[in-house]
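Colleague: Let the hints inform the model, and build the full structure from the sequences given.
Chains as they are written, first to last, in the working numbering: chain L, 61 to 333; chain U, 25 to 338; chain W, 3 to 131.
To be clear, the hints were calculated from the coordinates, so they are not data collected in a lab.
For glycine and all other residues, C-beta sits at the position ideal for the given N, C-alpha and C.
Don't take each hint at face value.
[Unchecked claim] A short list of chain L residues far from chain U (calculated; beta carbon distances all over 10 Å):
#1 T73
#2 D111
#3 C136
#4 P149
#5 A292
#6 F297
#7 A300
#8 L307
[What the hints assert, rightly or not] Pair ranges (Cβ atoms, derived):
#9 U:D219 with L:E166: 22 to 30 Å
#10 L:K148 with U:K268: 44 to 52 Å
#11 L:E330 with U:T255: 48 to 56 Å
[Claimed, not checked] Dumping the calculated DSBU-like pairs for lysine-lysine here, alpha-carbon to alpha-carbon at most 35 Å:
#12 W:K111 with U:K49
#13 W:K88 with W:K34
#14 W:K92 with U:K66
Each chain, written out:
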Amino acid sequence: MEKTENGKFEGLTETDQEYLADLLKQLADDDYLLSFRSSEWLGLAPHIEEDVASASISQDMMGHASMYYGLLGDICGRDADDLAHFRKPADRRNSILTEKRNGEGEYLDAPKYDWAYHVVRNLYYNMHKKVKLDALKQSSCSPLRDVAAKAAMELYYHELHWRTWFIELMNSNDDAKARMTAALEKVNGECADLFHLGKYAEDITAKGYIAPEAEMKDSFRKEMEKVFGQTASVFSFPDAQKENGRLGGHTRDLEDALELMNEVYGSVPEAKW
Amino acid sequence: MEAVTDMSESGKYEAFMKRIEDGDKIEMDDWMPDEYRTVLIKLISMHGISEIMGALPEKEWVPKAPGLGRKLGIMAKVQDEMGHGQLLLRVSEDLMKPLGRNRADIMDDLFEERLKFHNVFHMRTHTWADAGLIGWLVDGAAIITQTNMLGASYGPYARALKRICAEEVFHAQHGESIIMALAEGSPEQRKMLQDAIDRWWPSLLMFFGPESKDTTGSSKQDATIKYQIRTKTNEELRQSFLSKYVPRIHSLGLTIPDDTLRFDEATKKWEYRQPDWKEFKQIIGNEGPKSQDRLNLRRAAYENNAWVREALEA
Amino acid sequence: MKITPGSVRHWKHKGDKYMSGTFYNEYEVFSKRAPDKEFIHQFSLTAPNDEIAKVMAQENFLRREPVSDLWVVRREHILTLSEGKKHSLKRLDNKDYRNTKGYGYLRKKWRQYEQNPLDEKEIMGWAKE
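Modeller: Written out as structure tokens, the structure reads:
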């Protein structure tokens, strides 16, 4: 499929558009939700310099979400802002890992956010994203290839950033190791759907939009084993979990997140902001 | 010229004042009078910690910002505030290093309420218009006080301010963009904006501090002027703010909640209703509407993450 | 404006007082804007170790400009001059012989021989020939 003058996706059948839209929702919603969760850490990180550095990563992720929503908008004829704000939880395709809250407490009222969880979640997510972007760079869909190449350029730093924190904390004192181990367990309960490709998984891969789940999981395992090789722990990855975000199954945390994120945008109908 | 270490105390002081008068820049390892160091530590720690505390009221609007572009803009802005805090605290930390103090002590001083933060950051934000107004007018006021110190005699502070002011230009425009959309928006949006101005006006006047220490009992403006850290007085800065912003506010068809506000052509000065300076003292004494909430948020985050700092201690 | 005080103070400080202070190691950051440019000093940051310092540097000081290379240096490894030693940097303004300024008369001379002077502008321009 090639770009045309009238639209990036012209010439696609309706079913192809549906497959592609489902994949784009997975990619866009992932970055959108985890960018939001990361931005809740703004001003609250363990170190001021880290606060500044990781805020760039949250912005980059929101930027990537914005590119994917743009493509999705080209397919379904909707505005990127509307797609980000107004879609209901059942229509969201993000992984459970990206929607879970940062810890106990609300972001304005004595939050007990867990930095260990933040580091582990981001390492898993970003390594998964690296594998996925590598696959998307080979996609049969050229607009997707272009966006993947752009996102991959920035992802290099994101992955390095979280890998560094992960290795440093895993190799520090006993207290930190215990917290990181607990965080690994928590993440293991929320990440099984990361590579799941949703209800059209077979069609999406048959069309060559992205590599098959098993193939990507295998690359992921190899990458993660390299990282864990620099610590005293062993990598493991779960097979299944209760909800599958790629199929529209979500937790209460997603509803809360969307409500907060839409509060102003949805407050005055048809308004420009 | 003889080495500084060989001089008598008064000789050192005279040489130091001469350097300042000649427009030389003082660096962190240079000899400086104790008073100069003390004044700088106080000023820059307060400035730095105000940036850190100032991130909080705007942070409240990061997830709620309407639209992807607005979400990105305000994220970048709050990040900059933290970044300004980083720059300023580094300058302050280097000044207090010979006294055996570091960032942990600054945070301690904040939490134990020995170190105060700027009056505007003790206030509640109510709507998205407050987020826009902070960018437009609070950052506008900050640009006026900060550009006034760009020529500061202390080199590291002047250099930090140069970086900060460059970014403040983006902040002001970020604020203007939000304000403009509201001003040109629906009646609800315009009302949201007018309400925000009405709410924030007294805080904006207080921003520059009292005219003299007769107003509130203390003011550090005299020493900062003597050592050429700043040039203009609090009142001169406030006048400059009024000249720049009153016409802009009016041009958008918005009103200012002060019927005595006028420019006196004879004295070339703005006349305005004084804000309640007793209230100002209360606010900067951490008794403002959101003082303790924001301090508690900062305290909770700091303690909650103490294990990370402990784990990475060599 | 009426003040309604926020929630009451409930601070009992544990803090970092017992720490030795090595979490806040000082680093200086230098960067290059483009491959053909020189390194310039940006600012300083604190970090617990070299690895963390390296991943902090760019985003703290270079969020809005291109960067082609980065140096992060532990401050204690930088040799500095004390205030007194800075006097060793001063010198007289009598060294025209080190600059083209001291040879300005050549311009006139070459004209007499009907040749163009090979000044700095001319010579540096040869790079593009």
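Colleague: State for each hint whether it applies.
Modeller: Here's how the hints hold up against the structure:
1. T73: Per Cβ check, T73 of chain L is outside 10 Å of chain U; nearest 29 Å; holds.
2. D111: 5 Å, violated
3. C136: 16 Å, holds
4. P149: Non-interface label stands for P149 of chain L: nearest chain U Cβ at 16 Å, farther than 10 Å.
5. A292: Fine: 15 Å to the nearest Cβ keeps A292 of chain L off the interface.
6. F297: Holds, since 26 Å exceeds 10 Å.
7. A300: 31 Å, holds
8. L307: 25 Å, holds
9. U:D219 with L:E166: 22 to 30 Å: 25 Å, holds
10. L:K148 with U:K268: 44 to 52 Å: At roughly 46 Å between Cβ atoms, K268 of chain U and K148 of chain L fall inside 44 to 52 Å, so the hint holds.
11. L:E330 with U:T255: 48 to 56 Å: Given a distance of about 49 Å, which is inside 48 to 56 Å, the answer is holds.
12. W:K111 with U:K49: Violated, at about 45 Å.
13. W:K88 with W:K34: 26 Å, holds
14. W:K92 with U:K66: 34 Å, holds
Hint violations for this structure: numbers 2, 12, all remaining hints satisfied.
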